[in-house]
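**Student:** Build the full structure now, drawing on both the sequences and the hints.
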Amino acid sequence: MDKRRENLSSLINDDLLSQCIHCGLCLSVCPTYVTTNLERSSPRGRLRLIKEYADDKNKLGNIFEDEMDFCLGCRACETACPAGVKYDVLHNETKYLLSKDKKVNLKKILIKFFLNKILANPSNLKLYSRILRTYQQSWFRKMLHSSNILKNISSKLFLIDELTPQISKISSDEIIDEITLPISKHIHNVTFHVGCIMNVGFAEINLDTIEVLKKSSCKITTPKNQYCCGALHAHNGELKKAKELAKNNIDLFRNYEYEYLISNSAGCGTFMKEYYELLKDDKDYLKSAEIFSSKIRDISEFIYDNDIKFNSGKFNDSVTYHDACHLVHGQGIFEQPRQIINDICDKNFREMHNSTFCCGSAGIYNILRQNDSQIFLDQKMQNIIKTNADVVITGNPGCIMQLRYGVKKNNLNLKVKHTVSFINEQKGI
Amino acid sequence: MDKKIKSKLKEIVGQNNFFDSNEDKLTYSYDATPIFNELPEAVIFPENTLQISNIIKLANTEKFNIVPRGAGTGLSGGSIPVENSIALVMTKWNNILEIDHSNLTVTVEPGVITQNLQNEVEKLNLFYPPDPGSASVCTIGGNISNNAGGLRGLKYGVTKNYVMGVEMVLPNGEILKTGGKNVKDAAGYNLKDFIVGSEGTLGVITKATLKLIHKPKSFSTIIAFFESMKDCSKTISDIFNCNLTPAMMEYIDNTTLKCIEDYAKLGLPKAAEAVLLFEFDGREEEVKEDTNNLEMILNNNNAYSVKKAKTLLESSKLKAARRSAFSALARVKPTTILEDATVPRAEFPMLIELVNKAGKDNKVLFGIFGHAGDGNLHPTCLTDERNKNEIERAHKAFDFIFNETIKLGGTITGEHGTGLSKKEFLENVAGIPGVEMMKKIKSVIDENNILNPGKIFTTSPRCEGNLPFNNKQIKPFNG
Ligand SMILES: Cc1cc2nc3c(=O)[nH]c(=O)nc-3n(C[C@H](O)[C@H](O)[C@H](O)COP(=O)(O)OP(=O)(O)OC[C@H]3O[C@@H](n4cnc5c(N)ncnc54)[C@H](O)[C@@H]3O)c2cc1C
Ligand code: SF4
Ligand code: SF4
Chain A
1 MDKRRENLSS
11 LINDDLLSQC
21 IHCGLCLSVC
31 PTYVTTNLER
41 SSPRGRLRLI
51 KEYADDKNKL
61 GNIFEDEMDF
71 CLGCRACETA
81 CPAGVKYDVL
91 HNETKYLLSK
101 DKKVNLKKIL
111 IKFFLNKILA
121 NPSNLKLYSR
131 ILRTYQQSWF
141 RKMLHSSNIL
151 KNISSKLFLI
161 DELTPQISKI
171 SSDEIIDEIT
181 LPISKHIHNV
191 TFHVGCIMNV
201 GFAEINLDTI
211 EVLKKSSCKI
221 TTPKNQYCCG
231 ALHAHNGELK
241 KAKELAKNNI
251 DLFRNYEYEY
261 LISNSAGCGT
271 FMKEYYELLK
281 DDKDYLKSAE
291 IFSSKIRDIS
301 EFIYDNDIKF
311 NSGKFNDSVT
321 YHDACHLVHG
331 QGIFEQPRQI
341 INDICDKNFR
351 EMHNSTFCCG
361 SAGIYNILRQ
371 NDSQIFLDQK
381 MQNIIKTNAD
391 VVITGNPGCI
401 MQLRYGVKKN
411 NLNLKVKHTV
421 SFINEQKGI
Chain B
1 MDKKIKSKLK
11 EIVGQNNFFD
21 SNEDKLTYSY
31 DATPIFNELP
41 EAVIFPENTL
51 QISNIIKLAN
61 TEKFNIVPRG
71 AGTGLSGGSI
81 PVENSIALVM
91 TKWNNILEID
101 HSNLTVTVEP
111 GVITQNLQNE
121 VEKLNLFYPP
131 DPGSASVCTI
141 GGNISNNAGG
151 LRGLKYGVTK
161 NYVMGVEMVL
171 PNGEILKTGG
181 KNVKDAAGYN
191 LKDFIVGSEG
201 TLGVITKATL
211 KLIHKPKSFS
221 TIIAFFESMK
231 DCSKTISDIF
241 NCNLTPAMME
251 YIDNTTLKCI
261 EDYAKLGLPK
271 AAEAVLLFEF
281 DGREEEVKED
291 TNNLEMILNN
301 NNAYSVKKAK
311 TLLESSKLKA
321 ARRSAFSALA
331 RVKPTTILED
341 ATVPRAEFPM
351 LIELVNKAGK
361 DNKVLFGIFG
371 HAGDGNLHPT
381 CLTDERNKNE
391 IERAHKAFDF
401 IFNETIKLGG
411 TITGEHGTGL
421 SKKEFLENVA
431 GIPGVEMMKK
441 IKSVIDENNI
451 LNPGKIFTTS
461 PRCEGNLPFN
471 NKQIKPFNG
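Sequences listed follow chains A and B, in order.
Take the first sequence: its letter number 341 is residue 341 in my numbering, and every next letter is one higher.
Take the second sequence: its letter number 185 is residue 185 in my numbering, and every next letter is one higher.
Calculated from the structure, these hints are not laboratory results.
Here a beta-carbon is modelled for each residue, glycine too, at the ideal position from N, C-alpha and C.
Among the clues, some could well be false.
[Said to hold, decoys possible] With a cut-off of at most 20 Å between alpha-carbon atoms, the simulated EDC-like pairs for lysine to aspartate or glutamate come out as follows:
#1 25(B) - 66(A)
#2 333(B) - 78(A)
#3 100(A) - 66(A)
#4 265(B) - 305(A)
#5 51(A) - 384(B)
#6 25(B) - 55(A)
#7 258(B) - 78(A)
#8 234(B) - 353(B)
#9 86(A) - 262(B)
#10 59(A) - 41(B)
[Stated by the list, open to error] Pair ranges (Cβ atoms, derived):
#11 387(B) - 318(A): 55 to 61 Å
#12 305(B) - 184(A): 41 to 47 Å
#13 184(A) - 228(B): 54 to 60 Å
[Claimed, not checked] One side only, chain B facing chain A, incomplete, derived with CB under 10 Å:
#14 26
#15 34
#16 72
#17 264
#18 335
#19 336
**Tutor:** As structure tokens, this is what we get:
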């Protein structure tokens, strides 16, 4: 057995692969298949190709690799699949193996640097964020944009610049106390995961989350020096780093006593809920990973499960909701945010067509595959526009960035908000 | 396949609609049928009737085969490629051309997805009843070619009851138009009924006009659980005996129920031995009366935990859960061989008993569900194709089931077609004269045997020329 085969058989799990009975029920929910109408861009097709890759029977070429990258990782296929195929696990494993085989190029070095040296290291992340903020605030950026210089040099760089979150003045973990007490009664003990991008790019959403938790009778512990959850690493072929980060987080939160660990980023929440899967072969961590995962709750899930109500005064805006893939497909959270929003906005909620289709943000997909990402964004924006809503709400930072860019691109007068910010704007409980 | 032929094909459909990478061949080598697969030489997406006609003419001169394909959800291997073939995929050709409100018809291109069609006509208060479990994915072309049935067969019939007109490219490249919007048409042979169920062997369907009805004003969905199969069977026969005609009456056994619940998480009581899912539709008073009658019958037969869906969402969740049955069974074991045995509806409970016996005798596990209203059962053998011995036992069990089905006056396939997986049993149902007639028809219409050859029956004669003297002279048989 050559070395690659050995790796494959231990990594790509034959039982998981055989689970797919190629019934095709997942085709109609897969954004890439619906767009191309090609079986190889469908979950069923991709699983067949992964099987071939694992069997090493047939040499698969660039098209295979490209299909693995074209896949959004949105997991709509998992929601649709009655057979319970774990597509995401197989997809991540395949990407990991492919990344090991791939020749080194500049793009790969940059991604690796970004994932391993910046995201995975809190102090580096802050350092780079500060540099980025300085740039974002500078006359230099304004000049680049107003004169269209950047667009002319490289439309790709321009888009990256547009999609990068506006770095907050101060990262949220510098403001949030380690212990925050509830406003009134104390019922729940929770911890809060600040996230990496959330922490530096969406500090205000983190602060809104703390406010909402305070109003929800929670004593909130926010440990200092938290780690990135590792989701982006796993989705981009850096499985080892992802496992290391998972262990760091488990070790850190082990020091606290809590009922739930609250996350407000769909991607992080999903990934942390699956740490036990990631570390299933690690005897030392398996048990603690299971406990850790079982306590993760998305903020909307927490509010819904504990029947916490937020009243609004008068509400005039009409609202629509975009399902972040990692909430609806990753965690099966669909009714919870709708219920919360409906309670607040009374009858002004409008469902959009294909609300569960990916917006094209998909981790760093919108940077790695800009053209494809824009196709999915355009479809999403069309569906949003048709609802005529004033506000679009969603539960993931990536989607917020992407949708805000969509708003700008289409010159719309539409607000994009995180569920928790929407709640926090309402007065009283 | 020769490069020259490929470049000619490219000329006909354009570079963008021609694919022949390893990846593309692999991903068009299967449909939803277990175990069978074969690589095509190329995958082609035609955009109009003329292109198809030209492709077919080329196939006749260059001697390659054509396998028409919809969404590839077929369960008898109809769209699995054969030797030296191209896959002719219709999924990009998917416009609804016209909805004619006054004549109650809809005209579509072959790649239209069944559920999209249903949704569009329902917006206008019209209704297209055929409702296969795969409706969210499968195409009208595939439905017509397999004469698809579905969940509403009892009251509304199957696809053939709704096909009014078809446009089809014949195996010599000519274009046939038959039927239309007329409710009555007695001119000559009834060709369209002959095309329905032809599984892509007689031509390529390029357009279809389908019958619509008015959308029922109200409906109610009810699910009932039984502790014993006996009670369930008695319920079914009581319903027939008191002239109730539900639009839907679906049977689910315990194994299937557990899998469905694991997937859909509706809180169904997993311990039940048997489940029936009903739907009544029509005028409001009518539906109310039927529902009351049903509830009485259920009561008399010890059904417990009878639930009526309160909202549209609840009702569609229950139906969606039933639709997931086949795929959900893969949770138990990865290879699910699903059959399609059909008997006169009064024999339905007997058929279930026979399947259970076949499972016990051959030591294989079955999940059983089906359309109790029209006698169409889907015994699904739960196995693993990597375990050769078990697969053999599964085949033995199916042999038994098929033979017994025919003894009960039934047929080997109610709605999935014969394709590859059931052709060896065709003679038992259709008889030798029947199969011979089918073969003759095929050989006259498709002289060079280029359209989906080897499906439904084997077209090469059973014995040609001198009998062989020794083993070496016998060529391996490959349809
Ligand atoms: C989960 C699941 C549930 C199902 N439930 C049901 C059910 O309840 N009832 C039922 O009847 N079936 C059911 N089926 C079977 C299947 O979905 C139907 O047979 C369906 O009609 C196939 O449509 P398709 O578009 O996938 O066609 P394909 O599978 O691609 O093709 C089917 C046949 O039609 C031919 N064909 C396709 N398009 C054309 C064309 N334009 N011209 C000529 N020939 C053509 C092909 O050559 C092939 O022989 C189910 C399948 C699955 C996977
Ligand atoms: S992934 Fe699931 S839904 Fe898709 S083809 Fe496989 S078994 Fe069917
Ligand atoms: S993860 Fe999303 S894009 Fe990828 S195969 Fe599944 S549904 Fe398609």
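**Student:** For the hint on residue 26(B), just tell me whether its beta-carbon gets within less than 10 Å of chain A.
**Tutor:** At about 6 Å, which falls below the 10 Å cut-off, the nearest Cβ of chain A leaves the hint on residue 26(B) intact, so it holds.
**Student:** Quick one, are residue 25(B) and residue 55(A) close enough, alpha carbons at most 20 Å?
**Tutor:** Holds: residue 25(B) and residue 55(A) sit about 16 Å apart, inside 20 Å.
**Student:** Regarding the pair residue 86(A) and residue 262(B), is the alpha-carbon distance no greater than 20 Å?
**Tutor:** Roughly 14 Å separates the two Cα atoms, so the pair holds.
**Student:** Do the numbers back the hint for residue 336(B), that is, is its least Cβ distance to chain A under 10 Å?
**Tutor:** holds (5 Å)
**Student:** Under the criterion that the straight-line Cα-Cα distance not exceed 20 Å, is the pair residue 100(A), residue 66(A) satisfied?
**Tutor:** Holds, at about 15 Å.
**Student:** Classify the hint on residue 264(B) as holds or violated, based on whether any CB of chain A lies nearer than 10 Å to its CB.
**Tutor:** Nearest chain A Cβ about 8 Å off; hint holds.
**Student:** Should the interface hint for residue 335(B) be scored as holding, given a Cβ-Cβ cut-off of 10 Å against chain A?
**Tutor:** Where the cut-off is 10 Å and the nearest Cβ of chain A is about 7 Å from residue 335(B), the hint holds.
**Student:** Is the distance from the Cβ of residue 305(B) to the Cβ of residue 184(A) consistent with 41 to 47 Å?
**Tutor:** holds (42 Å)
**Student:** Compare the distance between the alpha carbons of residue 59(A) and residue 41(B) with 20 Å, and conclude whether the hinted pair is satisfied.
**Tutor:** holds (16 Å)
**Student:** Within 55 to 61 Å or not, the Cβ separation of residue 387(B) and residue 318(A)?
**Tutor:** holds (57 Å)
**Student:** Check whether the Cα positions of residue 234(B) and residue 353(B) lie no farther apart than 20 Å.
**Tutor:** Measuring from Cα to Cα gives roughly 13 Å; hence the hint holds.
**Student:** Holds or violated: residue 265(B) with residue 305(A), Cα cutoff 20 Å?
**Tutor:** Judged against 20 Å, a Cα distance of about 17 Å means the pair holds.
The structure is consistent with each of the numbered hints, conforming to all of them.
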